[in-house]
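Number of protein chains: 2
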Amino acid sequence: MKYHIPKGFKFAGVHCGIKRKRKDLGIIYSLSSCNAAGVFTKNIVKAAPLIYNMKILERNPNDIRAIIVNSGIANACTGKKGLENTFEMANETALNLKVSAENVLVASTGVIGTQLPMQKIKAGIMKAIDSLEENPSNFAFSIMTTDKIPKISSTKIELGEKVINLLGIAKGSGMIHPNMATMLSFILTDANISPENLKKLLKKSVDETYNMIDVDGDTSTNDMVIILANGSSETPEILPGTELYNEFFEALNHINAELAKTIVKDGEGATKLIEAKVINAPTKEDAKKIVRTVVSSNLVKTAIYGGDANWGRIVAAAGYSGANFDYEKMALYIGNIEEAIKVFDNGTECPFDEEHAKKILSNDCISLLLDLKQGEASARAWGSDLTEKYVEINGRYRT
Amino acid sequence: MKYHIPKGFKFAGVHCGIKRKRKDLGIIYSLSSCNAAGVFTKNIVKAAPLIYNMKILERNPNDIRAIIVNSGIANACTGKKGLENTFEMANETALNLKVSAENVLVASTGVIGTQLPMQKIKAGIMKAIDSLEENPSNFAFSIMTTDKIPKISSTKIELGEKVINLLGIAKGSGMIHPNMATMLSFILTDANISPENLKKLLKKSVDETYNMIDVDGDTSTNDMVIILANGSSETPEILPGTELYNEFFEALNHINAELAKTIVKDGEGATKLIEAKVINAPTKEDAKKIVRTVVSSNLVKTAIYGGDANWGRIVAAAGYSGANFDYEKMALYIGNIEEAIKVFDNGTECPFDEEHAKKILSNDCISLLLDLKQGEASARAWGSDLTEKYVEINGRYRT
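Protein chains in written order, with our numbering: chain A, 370 to 768; chain B, 370 to 768.
Hints are computed from structural coordinates only; laboratory data are not their basis.
Owing to the predicted nature of the structure, the values given are computational and were not obtained by experimental measurement.
A couple of the hints might just be wrong.
Stated by the list, open to error - Straight line, CA to CA, 25 Å or less: simulated BS3-like cross-link-like pairs of lysine-lysine:
hint, chain 1, residue 1, chain 2, residue 2
1, A, K411, B, K653
2, B, K467, B, K489
3, A, K449, B, K742
Stated by the list, open to error - Partial list, computed: chain A residues near chain B (C-beta under 10 Å):
hint, residue
4, K411
5, E427
6, R428
7, P430
8, G448
9, T483
10, D677
11, R682
12, F694
13, Y696
14, E718
15, K758
16, V760
All C-beta atoms, glycine included, are put in the ideal place defined by N, C-alpha and C.
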């Protein structure tokens with residue numbers, strides 16, 4: 370596949386020996402300084418690289434040159450030694466790239482509680498820097514843990530003869546056995562935009578995308594989303610209140626939504642993607658509570674897995690979401706817009722054709738639409754179904 | 370088994386035809402007026418009997434004579450007709466018992482969205498009243514849905530030559546396929562205590578017991594706990610500030626904890642009971658958030674199912690619980706007090722014997738102790754493990 374690669378970025382992904390065979394060390398490098406922003410897990414148990422990155426981005430948000438990432442070990446719950454190892458990863462990368470450790474961000478994903486094999490990682494860093502290339506594929510593979518597929522999305526904005534490119538690379542398939550820490554996402558762009566505006570737009574987009582997906586409800590110690598903008602497109606600075614600002618947000622949001630959905634589709638044991646939408650809710654907050662609770666409910670997940678138009682579970686999940694609404698006004702539709710059937714309205718069941726419902730529920734992607742008919746707010750969220758395979762994957766012994 | 374049956378109560382459980390073969394209609398009857406209190410689901414989608422009972426208990430909390438219960442159909446999401454049917458159940462029961470409808474509470478559990486077959490229920494009510502007996506077993510069977518075992522617990526308080534008896538009967542095994550609405554619990558006592566004090570003690574006990582269990586995180590439309598006290602023990606009124614008040618609370622709490630644990634053990638597909646305790650937490654609220662999140666985590670549930678001492682998942686769950694604490698001070702123990710092993714302390718793993726851990730995790734009941742070492746508050750919660758069987762039960766087609 371051809372991607373819209375932002376100018377001035379290079380990538381590498383190599384095997385350094387944390388995993389037995391597969392690639393386990395990756396690097397993103399920018400030829401010039403980047404403005405940067407990040408969003409980090411709300412889990413109070415934060416892995417060492419997150420603590421490190423939060424400090425760097427506070428001190429140095431307009432001079433980032435590289436991100437070094439390992440997979441296989443999360444460097445979480447590793448104490449002082451873990452923090453030292455994170456710093457060493459940044460420093461070793463900086464030395465080889467002839468920049469300062471303050472210019473390097475770090476990410477780790479994998480088993481909790483294990484220390485990193487620093488000799489292997491140091492050798493891997495040299496190897497990775499020697500193999501920097503324009504194609505992000507090897508990098509995308511190197512950050513995978515239990516992911517079955519690499520996750521890349523890109524888009525561009527045309528400005529006369531110039532072009533702004535955006536590229537996102539992510540990993541994640543649930544916080545899984547053996548504690549492969551969930552989600553990493555790196556967004557790269559050659560746009561010209563300040564760290565403050567990057568942060569504002571990233572936060573807003575994360576709330577609408579990665580924060581609206583659920584595989585198993587667990588929040589990892591290592592989740593992070595980083596955006597780097599190096600300005601190499603030589604386009605005007607993107608400023609709030611302009612059309613370009615909105616366009617850039619839409620592009621960023623498109624990439625994040627694509628990556629978020631790919632993570633859910635790749636959920637452990639998942640066979641179906643559930644997309645829930647709430648419309649006409651009293652408030653945005655209520656709309657978000659309802660969609661998130663619906664796609665997170667084990668009972669909804671198993672019903673969708675079983676191809677069961679079990680509307681009672683969806684209505685009950687909306688009811689205990691904590692949202693404040695009158696459920697007797699709500700209508701519930703199952704299926705895409707062309708073929709949707711109404712299963713619930715006015716507080717009770719609508720007669721529907723069970724055969725038609727079965728057909729809709731045999732699709733790979735199941736849409737649920739909750740029309741609250743009591744306001745103007747809306748929200749959408751994505752979840753995976755829950756299968757025997759999920760239990761099998763996560764119930765297997767660690768070692 | 371011999372129970373401590375409170376004086377002046379009678380029970381019945383019969384088959385009226387909602388289910389194909391098994392008992393599906395039960396009644397609790399008191400020979401004299403009861404003081405009563407109830408706690409109801411927080412789900413805003415409330416089944417008809419809950420709406421009815423809340424009104425009756427507000428108007429008439431010191432003159433309840435009977436509870437009529439059906440299983441198989443939840444009478445939830447059934448609109449106006451559902452409310453009319455609930456009233457008819459109360460009224461029919463009242464007519465046959467020669468009391469008023471205002472003296473009768475109603476409960477339903479089963480499929481959401483279906484109307485009750487009122488002819489069958491009316492015939493069943495007569496049949497039940499004809500077979501009232503001192504033994505609560507038939508009643509306990511008649512309220513079961515997917516429960517594998519009836520759930521009864523009782524205790525007594527001796528006061529010189531007099532005795533106060535407490536008896537609890539519950540049903541519930543997760544909110545399950547096809548939406549068998551979760552949990553009903555009825556506590557009966559011959560104690561002499563006002564509706565206000567009953568309500569206060571019931572609320573407090575529910576918060577420490579039924580509200581601290583998790584099978585699948587879903588909250589049903591029909592959950593309720595009702596307590597009736599008819600004063601037939603002829604003991605002094607139980608008043609706040611007395612030793613008897615505390616003793617009565619302990620007895621009530623003991624019964625509720627027993628029933629709550631039995632519900633979890635009977636959880637769909639469950640093979641193990643997980644008991645989590647937090648001690649030395651900064652606040653009670655923090656302690657509760659942590660234990661509830663730990664026993665609700667799909668990843669902890671599957672690890673326990675797999676016999677895996679996967680402490681990282683437990684620490685991560687505590688971390689995203691929303692509690693405010695320093696996880697690097699926390700120690701985590703797995704196993705009962707006699708055989709417990711410490712697996713985590715000072716922010717990182719403690720070396721432990723994997724064979725010993727495997728042995729502990731092969732038990733039916735797994736204790737987890739989180740010693741936060743930063744305060745004096747504590748809390749406990751119970752959860753079931755998550756198995757392929759759960760997915761199988763809940764993924765099966767409704768009809």
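List of violated hint numbers, smallest to largest: 5, 6 and 7
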